[in-house]
Amino acid sequence: DQQVKQNSPSLSVQEGRISILNCDYTNSMFDYFLWYKKYPAEGPTFLISISSIKDKNEDGRFTVFLNKSAKHLSLHIVPSQPGDSAVYFCAASGAGNNRKLIWGLGTSLAVNP
Amino acid sequence: KAGVTQTPRYLIKTRGQQVTLSCSPISGHRSVSWYQQTPGQGLQFLFEYFSETQRNKGNFPGRFSGRQFSNSRSEMNVSTLELGDSALYLCASSLDWRAATTYEQYFGPGTRLTVT
Numbered sequence: 033d034q035q036v037k038q039n040s041p042s043l044s045v046q047e048g049r050i051s052i053l054n055c056d057y058t059n060s061m062f063d064y065f066l067w068y069k070k071y072p073a074e075g076p077t078f079l080i081s082i083s084s085i086k087d088k089n090e091d092g093r094f095t096v097f098l099n100k101s102a103k104h105l106s107l108h109i110v111p112s113q114p115g116d117s118a119v120y121f122c123a124a125s126g127a128g129n130n131r132k133l134i135w136g137l138g139t140s141l142a143v144n145p
Numbered sequence: 185k186a187g188v189t190q191t192p193r194y195l196i197k198t199r200g201q202q203v204t205l206s207c208s209p210i211s212g213h214r215s216v217s218w219y220q221q222t223p224g225q226g227l228q229f230l231f232e233y234f235s236e237t238q239r240n241k242g243n244f245p246g247r248f249s250g251r252q253f254s255n256s257r258s259e260m261n262v263s264t265l266e267l268g269d270s271a272l273y274l275c276a277s278s279l280d281w282r283a284a285t286t287y288e289q290y291f292g293p294g295t296r297l298t299v300t
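Each protein sequence line maps, in turn, to chains H and F.
Letter by letter, the first sequence follows residues 33 to 145 in the working numbering.
Letter by letter, the second sequence follows residues 185 to 300 in the working numbering.
Heads up, a few of these hints could be off.
The calculated DMTMM-like cross-link candidates involving lysine to aspartate or glutamate, where the alpha carbons are at most 25 Å apart (straight line), are [as the list claims (entries may be wrong)]:
#1 Lys88(H) <-> Asp56(H)
#2 Lys37(H) <-> Glu259(F)
#3 Lys86(H) <-> Asp280(F)
#4 Lys241(F) <-> Asp56(H)
#5 Lys132(H) <-> Glu259(F)
#6 Lys132(H) <-> Glu74(H)
Hints listed in this document are in silico derivations from the structure and should not be mistaken for laboratory results.
Just so it is clear, the structure is predicted and the values come from calculations on it, not from any experiment.
Excised from the complex, chain H in its bound form (with noise of 0.2 Å):
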């Protein structure tokens, strides 16, 4: 049972366009919300944070939603470039003891020149 959804396996934008990412969870435990990027033959790099306190998180191009009610976050990318071109990985965590990240399955953005 998936309690961290990234519904879309792929994405394609141009350059200079927005992405958005989605993701969805299920588990209102969940506290703690993160994003990453993974290249090809790399491991996952962090990418940008939101606290459950906080419905919006913005670093550069990057900024963070968080609708709790709807159990939804989505990450936007502004303005797309074709070197964000990889694997995005929503994760989500719970409070205290109960740390340890549930990953989504991933989307593969492909920004187009």
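On the provided structure of chain H, position chain F as indicated by the hints.
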């Protein structure tokens, strides 16, 4: 600062054998987590170590075990290998498991294990 290193990068074993994978965290990081990545299941959490103690464990059988040494280096062992153990095994390090920032883990490149 050097990143997380994992050895070996690639490994081929046969069913029934055992394997040991190694992970050296970023200098100063004391928490090490292990993950299994397969195409259909994504990243699955195996276990986490801090100060040589296992702090968290995922839902894997007892054939999967790990340990952490006093210098924070970690090893994971898989005994009696099965074909389904073929996967990319990732190690991640973070500063301290108790701080919120430890959710931000730094990953190594992984060890690609193939069981034939």
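(message) Please verify whether lysine 132(H) and glutamate 74(H) have alpha carbons no more than 25 Å apart.
(response) With Cα atoms ~21 Å apart, lysine 132(H) and glutamate 74(H) stay inside 25 Å; holds.
(request) Take a quick look at whether lysine 88(H) and aspartate 56(H) sit within 25 Å of each other, Cα to Cα. (result) holds, 16 Å
(message) For a C-alpha distance cap of 25 Å, please report whether lysine 241(F) and aspartate 56(H) respect it.
(response) holds, 24 Å
(message) lysine 132(H) and glutamate 259(F) were given as a pair; does the straight-line alpha-carbon distance stay at or below 25 Å?
(response) holds, 19 Å
(request) Below or equal to 25 Å on CA atoms is what counts here, so check lysine 37(H) against glutamate 259(F). (result) Answer violated: lysine 37(H) to glutamate 259(F) is near 30 Å, above 25 Å.
(request) Could you grab the alpha-carbon distance between lysine 86(H) and aspartate 280(F) and see if it respects the 25 Å cut-off? (result) holds, 23 Å
This entry does not satisfy hint 2, going by the numbered hints stated previously; all others are met.
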